[in-house]
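K.L.:
Sequence:
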Amino acid sequence: MESLDAWERDLQTTAAANARSQTDVSDKRIEVQNPVVELDGDEMTRIIWEKIKEELIFPFLKLDCKYYDLGLPSRDKTDDKVTYDAAHAIKKYNVGIKCATITPDEARVEARTAPSVTFLGGTVFREPILCKNIPRLVPGWTMPIVIGRHAFGDQYKAMDRVVSSMGKVELVFTPADGGEKQRHAVFDFKKSGGVTMAMYNTDESIEGFAHSCFQYALMKEWPLYLSTKNTILKQYDGRFKDIFQSIYESDYKEKFEARKMWYEHRLIDDMVAQVLKSSGGFVWACKNYDGDVQS
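So the sequence shown is numbered by the UniProt record's numbering: it starts at 1 and just counts up by one.
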């Protein structure tokens, strides 16, 4: 209760600071026509975001911020309702500014999905803002590179376990129609224990990811690349490759060619090398972990 009371006091202080910041400045500020959804985060990000608002935003912009606190205490107190309320607000006002949120412990992971997944249902696009006075990591990048991350499944929904003794690990599929179970040997721990993991994705989610990437590329009028490691994960990553190709052929090929755009699948290691040599100006569709790292 003491930590929750402290959090509530912090929230009241934040709200008061916001009000002061927006009223104690000159009326010469630029008035922003539409509201912006403000999604507060955890720990130091709260302090940094306050400094950004006080020093870089409110002195120059008259901005109506719709505030939602996505810090863990707020999510716990509202049973995560605040996350869904924030998602609906973003749908209403079209623009959201999200601060970093804390990585929850194992108990909270089971109870709370990642806010970004709640907002977007599986796809997160990240596009850098290029500034002339800020040196680029790669000087040859003259145009932005948009990362489309499939923020569903894979390692982030995996079941991982420590194997503490010798024994066999199997992957078992039980058909819902009562058919015969399918068993696949994973590994036989003969000398010692180790670690094991099982992960998944769904055709429905991959299809949604593909459509969102093709549509985003059309909106930007930039080519689209999908990167996987289907030479190693022939079935798993191969499914991503096949679904993207099928959807491209049936729904988007004519639209892309009419705009002199293209879609291409590349191996992830080859794609990274190509990105470093490129000038930018394309959309890069990545699986969940790859998108997390590359963006």
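Honestly, the hints are just simulated from the structure, not real lab data.
Remember, predicted model here, so these are calculated numbers, not experimental data.
Fair warning: there could be bad hints in the mix.
What the hints assert, rightly or not - Within a straight-line C-alpha distance of at most 20 Å, the following computed SDA-like cross-link-like pairs (lysine to any residue) qualify:
#1 K66 x V82
#2 K132 x L56
#3 K62 x W49
#4 K234 x S279
#5 K220 x F256
#6 K234 x I268
#7 K234 x K132
#8 K81 x Y67
#9 K28 x K81
#10 K98 x H88
#11 K220 x V172
#12 K98 x K132
K.L.:
All the hints need checking, so say for each whether the structure fits it.
P.N.:
Hint-by-hint comparison with the structure:
1. The hinted pair formed by K66 and V82 meets the criterion: a straight-line CA distance of about 12 Å does not exceed 20 Å.
2. For the proposed pair K132 and L56, the alpha carbon gap of about 18 Å is at most 20 Å, so the pair holds.
3. Simply put, K62 and W49 have alpha-carbon atoms about 17 Å apart, close enough for the 20 Å limit, and the pair holds.
4. Under the criterion of a C-alpha separation no larger than 20 Å, the hint pairing K234 with S279 is inconsistent with the structure, at around 31 Å.
5. The suggested pairing of K220 with F256 holds, with an alpha-carbon distance near 11 Å, which does not exceed 20 Å.
6. For the suggested pair K234 and I268, the alpha carbons sit about 14 Å apart, so the restraint of at most 20 Å is met.
7. Note on K234 and K132: the hinted pairing is violated, with a Cα-Cα distance of about 43 Å set against a maximum of 20 Å.
8. For a cut-off of 20 Å, the pair hint linking K81 to Y67 stands: about 14 Å separates their Cα positions.
9. For the hint pairing K28 with K81, the CA-to-CA distance comes to about 38 Å; that exceeds 20 Å, so the pair is violated.
10. A distance of roughly 14 Å separates the Cα atoms of K98 and H88; the hinted pair therefore holds under the 20 Å criterion.
11. Our distance criterion of 20 Å between C-alpha atoms is broken by K220 and V172, whose separation comes to about 43 Å.
12. Between K98 and K132 the CA atoms are separated by roughly 25 Å; this puts the pair beyond 20 Å, and the hint is violated.
Violated hints, in rising order: 4, 7, 9, 11, 12; the structure is consistent with all others.
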